[in-house]
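Colleague: Please take these sequences and the hints and turn them into a complete structure.
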Amino acid sequence: GDSVTQMEGPVTLSEEAFLTINCTYTATGYPSLFWYVQYPGEGLQLLLKATKADDKGSNKGFEATYRKETTSFHLEKGSVQVSDSAVYFCALLGDYKLSFGAGTTVTVRA
Amino acid sequence: DAGVIQSPRHEVTEMGQEVTLRCKPISGHNSLFWYRQTMMRGLELLIYFNNNVPIDDSGMPEDRFSAKMPNASFSTLKIQPSEPRDSAVYFCASSSETLKSQPQHFGDGTRLSIL
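Those protein sequences? They're chains D and A, same order as listed.
Numbering of the first sequence is given in our numbering, commencing with residue 20 and proceeding in unit increments.
Numbering of the second sequence is given in our numbering, commencing with residue 303 and proceeding in unit increments.
In case anyone wonders, no lab produced these hints; they're calculated from the structure.
Heads up, a few of these hints could be off.
The calculated lysine-lysine pairs, modelled on BS3-like cross-linking and capped at a C-alpha distance of 25 Å, are [stated by the list, open to error]:
#, chain 1, residue 1, chain 2, residue 2
1, D, 75, D, 87
2, A, 380, D, 116
3, A, 326, D, 116
4, A, 370, D, 116
5, D, 87, D, 116
6, D, 71, D, 116
7, A, 326, A, 380
8, D, 87, D, 71
9, A, 370, A, 380
Modeller: As structure tokens, this is what we get:
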């Protein structure tokens, strides 16, 4: 079945550091891929998406590229802010079901 | 635009009591999902409705859990009787269609504590 594996956290960074969170997937067919972000006490918010191979999703300075050859969708941001502290989830959409990674907690220190 | 609205935001009750969680999806969305989030299991899909009809309830833990969607703008998740192991954050999500490119939009969740 479909599954997502993302790097374990927690990740602690200083402001303006470079962030990367690895995500790999296993799926049949051609899934869509997403990154969701969850701030404390809130629901999941869609951060970015990619629907086919080589697509690059981007939002709020975050980027991720759908790599079919490596079955990966790594999240990157060149210069993080304290406000980026949150839990980040990689997700794969099959027919209708979202398969989530375990989540990576990111803490950015001023 | 209003997002997915869940109520209550927090619920604390004693074991054995009936718990009802409510969800109003985004207007025009025809797919609705209930998820449970725990530290141990992460995010689990409990049930999926399409056009108000339950399509996949394989994630519903046991008979104590039931979900309904009487119309396109309202859904409930009921636990009766509740047990301490049901303590979790329950999320409702909706999407406009079930094609692959459409993301699911999540509510802020109901934090449920069963004492």
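Colleague: Look at each hint and say if it fits the structure.
Modeller: Outcome of the hint check:
1. D:75 with D:87: 12 Å, holds
2. A:380 with D:116: Holds, because 21 Å separates the two Cα atoms, which is no more than 25 Å.
3. A:326 with D:116: 20 Å, holds
4. A:370 with D:116: 19 Å, holds
5. D:87 with D:116: 20 Å, holds
6. D:71 with D:116: Holds: residue 71 (chain D) and residue 116 (chain D) sit about 17 Å apart, inside 25 Å.
7. A:326 with A:380: 15 Å, holds
8. D:87 with D:71: 8 Å, holds
9. A:370 with A:380: 8 Å, holds
Consistency note: the structure conflicts with none of the earlier hints.
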